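Please construct the entire structure, taking both the sequences and the accompanying hints into account.
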Amino acid sequence: MNAMIRFFVAIVALTAALNVFAAADLEVNTPGVNAIKQSMQARHAQLAGHYNSGAVGLTADGLVALRDAGAVPLAQRQAVNALVAAENNDRNALYAEIANANNHPEWQAEIRSTFAQRWIQRAQPGWWVQSGGAWKQN
Amino acid sequence: MKRVWIAFAGLALSACVTINIYFPAAAAEKAADKIIDEVWQTQKPASSTSNQAQPAAKETK
Numbered sequence: 008m009n010a011m012i013r014f015f016v017a018i019v020a021l022t023a024a025l026n027v028f029a030a031a032d033l034e035v036n037t038p039g040v041n042a043i044k045q046s047m048q049a050r051h052a053q054l055a056g057h058y059n060s061g062a063v064g065l066t067a068d069g070l071v072a073l074r075d076a077g078a079v080p081l082a083q084r085q086a087v088n089a090l091v092a093a094e095n096n097d098r099n100a101l102y103a104e105i106a107n108a109n110n111h112p113e114w115q116a117e118i119r120s121t122f123a124q125r126w127i128q129r130a131q132p133g134w135w136v137q138s139g140g141a142w143k144q145n
Numbered sequence: 921m922k923r924v925w926i927a928f929a930g931l932a933l934s935a936c937v938t939i940n941i942y943f944p945a946a947a948a949e950k951a952a953d954k955i956i957d958e959v960w961q962t963q964k965p966a967s968s969t970s971n972q973a974q975p976a977a978k979e980t981k
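Protein chains in written order, with this note's numbering: chain A, 8 to 145; chain B, 921 to 981.
Please keep in mind that the hints were generated in silico from the structure rather than gathered at the bench.
None of the values given here were measured: they were computed from a predicted structure.
All the pointers check out, no bait thrown in.
Okay, the calculated beta carbon distance ranges per label pair:
#1 Asp68/A with Thr962/B: 17 to 25 Å
#2 Leu931/B with Asn96/A: 39 to 47 Å
#3 Asp953/B with Gly133/A: 17 to 25 Å
#4 Pro132/A with Ala946/B: 23 to 31 Å
#5 Ala52/A with Leu931/B: 50 to 58 Å
#6 Asp953/B with Ala55/A: 16 to 24 Å
#7 Lys922/B with Asp32/A: 37 to 45 Å
#8 Gln963/B with Ala67/A: 22 to 30 Å
#9 Glu34/A with Leu933/B: 22 to 30 Å
#10 Ala946/B with Pro38/A: 19 to 27 Å
Simulated crosslink set (DSSO-like; lysine-lysine; CA at most 30 Å straight-line):
#11 Lys44/A with Lys950/B
#12 Lys954/B with Lys44/A
#13 Lys950/B with Lys143/A
#14 Lys44/A with Lys143/A
#15 Lys954/B with Lys143/A
Ideal Cβ positions, reconstructed from N, Cα and C, are used throughout, including at glycine.
See the structure below:
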């Protein structure tokens, strides 16, 4: 019986140690993540105006989308499409990179949904965000 | 009795695997906020306002 108690104590200690490991911070300070972050930061100067005009909105899956093409002058439409595509490339790469940097590629979907929630919750007033399948102005 | 031990060992092992796979939601949210701050540059510009105040103070001298 004594041995059994010792066995349980060992299990509790082991799980406690693993819990500490699991609660550790997510690693986001890698060269790959930083490069994507800088690229997105530079692009944001161009995208911000389109968020404000409602042309581009934040989607529920952590990406951006052309929401209202009419808000963009015809001559600029191609450029906005390219901006959206480039931004989404970076965002997809960012989620994958964070998952890989933490040796858990299978976390990618959860990282994406965490980001999706945070992008939307922190969107500035006037920006359009996707909520329950519909667009909603923040 | 031996069987019970094997069952417990199996349980303990599966518990370890479960904990390792567990997604750190709070840490992910913190990491996301940090990256969003940097990409959108939404950090409070506390240092830049104090920098702006300093040259102004020098001018009045």
